[in-house]
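Construct the complete structure from the given sequences, taking the supplied hints into account.
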Amino acid sequence: GESVGLHLPTLSVQEGDNSIINCAYSNSASDYFIWYKQESGKGPQFIIDIRSNMDKRQGQRVTVLLNKTVKHLSLQIAATQPGDSAVYFCAEKEGGTYKYIFGTGTRLKVLA
Amino acid sequence: NAGVTQTPKFQVLKTGQSMTLQCAQDMNHNSMYWYRQDPGMGLRLIYYSASEGTTDKGEVPNGYNVSRLNKREFSLRLESAAPSQTSVYFCASSELDSGHPYFGPGTRLTVT
Numbered sequence: 001g002e003s004v005g006l007h008l009p010t011l012s013v014q015e016g017d018n019s020i021i022n023c024a025y026s027n028s029a030s031d032y033f034i035w036y037k038q039e040s041g042k043g044p045q046f047i048i049d050i051r052s053n054m055d056k057r058q059g060q061r062v063t064v065l066l067n068k069t070v071k072h073l074s075l076q077i078a079a080t081q082p083g084d085s086a087v088y089f090c091a092e093k094e095g096g097t098y099k100y101i102f103g104t105g106t107r108l109k110v111l112a
Numbered sequence: 001n002a003g004v005t006q007t008p009k010f011q012v013l014k015t016g017q018s019m020t021l022q023c024a025q026d027m028n029h030n031s032m033y034w035y036r037q038d039p040g041m042g043l044r045l046i047y048y049s050a051s052e053g054t055t056d057k058g059e060v061p062n063g064y065n066v067s068r069l070n071k072r073e074f075s076l077r078l079e080s081a082a083p084s085q086t087s088v089y090f091c092a093s094s095e096l097d098s099g100h101p102y103f104g105p106g107t108r109l110t111v112t
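Top to bottom, those sequences are chains F and P. FYI, the numbering for the first sequence is 1 to 112, going by the numbering used here. FYI, the numbering for the second sequence is 1 to 112, going by the numbering used here.
Hints are computed from structural coordinates only; laboratory data are not their basis. Be careful, since some hints might not be right.
[Claimed, not checked] Among the chain P residues that face chain F by a calculated CB cut under 10 Å, a handful are:
1. Gln-6
2. Gly-40
3. Ser-94
[Unchecked claim] For lysine to aspartate or glutamate, the following DMTMM-like pairs were computed, each having C-alpha atoms within a straight-line distance of at most 25 Å:
4. Lys-42(F) with Asp-26(P)
5. Lys-42(F) with Glu-73(P)
6. Lys-42(F) with Asp-38(P)
7. Lys-99(F) with Glu-73(P)
8. Lys-57(P) with Glu-79(P)
9. Lys-9(P) with Glu-39(F)
10. Lys-99(F) with Asp-38(P)
11. Lys-57(P) with Glu-94(F)
12. Lys-57(P) with Asp-31(F)
13. Lys-71(P) with Asp-26(P)
14. Lys-99(F) with Glu-52(P)
15. Lys-71(F) with Glu-59(P)
16. Lys-42(F) with Glu-59(P)
17. Lys-109(F) with Asp-38(P)
18. Lys-56(F) with Glu-95(P)
19. Lys-42(F) with Glu-95(P)
20. Lys-99(F) with Asp-26(P)
21. Lys-99(F) with Glu-95(P)
22. Lys-99(F) with Asp-56(P)
23. Lys-99(F) with Glu-59(P)
Remember, it's a predicted structure, so these values are computed and weren't measured experimentally. Ideal Cβ positions, reconstructed from N, Cα and C, are used throughout, including at glycine.
Dropping the structure here:
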C-alpha cells in the first residue's frame, strides 16, 4: 500500500458535514498559495489557489481563506463526501522564484 | 491530452545501480520540476528547469542529475543509487512563473 502519509494529522468528519483543513505557512514573502489533494497511489491534484492580494476564493464546494497577518491558510470543503477522503497539502511560493514549499499534509477521513 | 506522464511507475534497484526516470508533458509549459516525497517530509524539490535549456538545483540535489531534453521532456538520473533514495518521485510542470504545477502519477523507487 501507499507508505506516504503515515503519521499525518488526521481529520475525521461525518459525510455531509463541512471540513476545515488548516495550514501555517512560513515565508512572509510568499505571494501565491495552492491546495492539493492526493489520493493513495496518485500524484497531487490541484484543488484551488489564491494570490496574496486576496483573502478568500471560492470554487465548487471548496473555499480557501488566507490570513496574511498570522500566515495561515485554510481549506473549507462543504458537504464532505466519501470521495473527498485523501491527503491534503498546502503549498506556498515566493514571488519571483520557482520554489514551491509544500506542507506535510493532513489526512481527511470521511465517515459514512 | 495526457498532462504529465512518468515512466516507469515502479522500480527496484540494488545499491550502486543507475537509472533514469523519464517525464514528459504535453501542455506546452515552460517550467518543469522533480520532487521526491517521503513519509512525514512533504514534497521536496530536487531540481527544476525554469525554461528549456536551463536547470537549477532545488533543496535536495545530491546524488541526482537532470537533463531538459526539449520543452516537453525532463529526465532525472540516479548515477549510483543508495537506500536513502528510496522514495516516490514526482515530476511536475507549470507555466513560467504563473499558475500552479501539474503533477504526474509518480515513480515508486526502492533501493535495496
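Are the Cα positions of Lys-56(F) and Glu-95(P) separated by 25 Å at most? Answer holds: Lys-56(F) to Glu-95(P) is near 23 Å, not above 25 Å.
Keeping to a limit of 25 Å between CA atoms, is the pair of Lys-42(F) and Glu-73(P) held or broken? 20 Å, holds
Let me know if the C-beta of Gly-40(P) comes in closer than 10 Å to any C-beta of chain F, holds or violated. 6 Å, holds
Is the straight-line distance between the alpha-carbon of Lys-57(P) and that of Glu-79(P) 25 Å or less? Distance of about 16 Å is within 25 Å: holds.
Would you check the hint for Lys-99(F) and Asp-38(P), treating anything up to 25 Å between C-alpha atoms as holding? Cα-Cα ~18 Å, so holds.
Lys-109(F) and Asp-38(P): Cα distance at most 25 Å? Satisfied, since the Cα-Cα distance of roughly 21 Å is no more than 25 Å.
Quickly compare the C-alpha distance for Lys-42(F) and Asp-26(P) to 25 Å and report which way the hint goes. 19 Å, holds
Holds or violated: Lys-71(P) to Asp-26(P), with C-alpha atoms at most 25 Å apart: Holds - the C-alpha atoms of Asp-26(P) and Lys-71(P) are around 9 Å apart, at most 25 Å.
Measure nothing beyond the straight line between the CA atoms of Lys-99(F) and Glu-95(P); if it is 25 Å or shorter, mark the hint as holding. 13 Å, holds
With the threshold set at 25 Å, check whether the alpha-carbon distance from Lys-57(P) to Glu-94(F) stays at or below it. With Cα atoms ~16 Å apart, Lys-57(P) and Glu-94(F) stay inside 25 Å; holds.
Quickly compare the C-alpha distance for Lys-99(F) and Asp-26(P) to 25 Å and report which way the hint goes. 22 Å, holds
Mind checking the alpha carbons of Lys-9(P) and Glu-39(F) for me, to see if they're no more than 25 Å apart? 16 Å, holds
Checked against the numbered hints above, the structure violates none of them.
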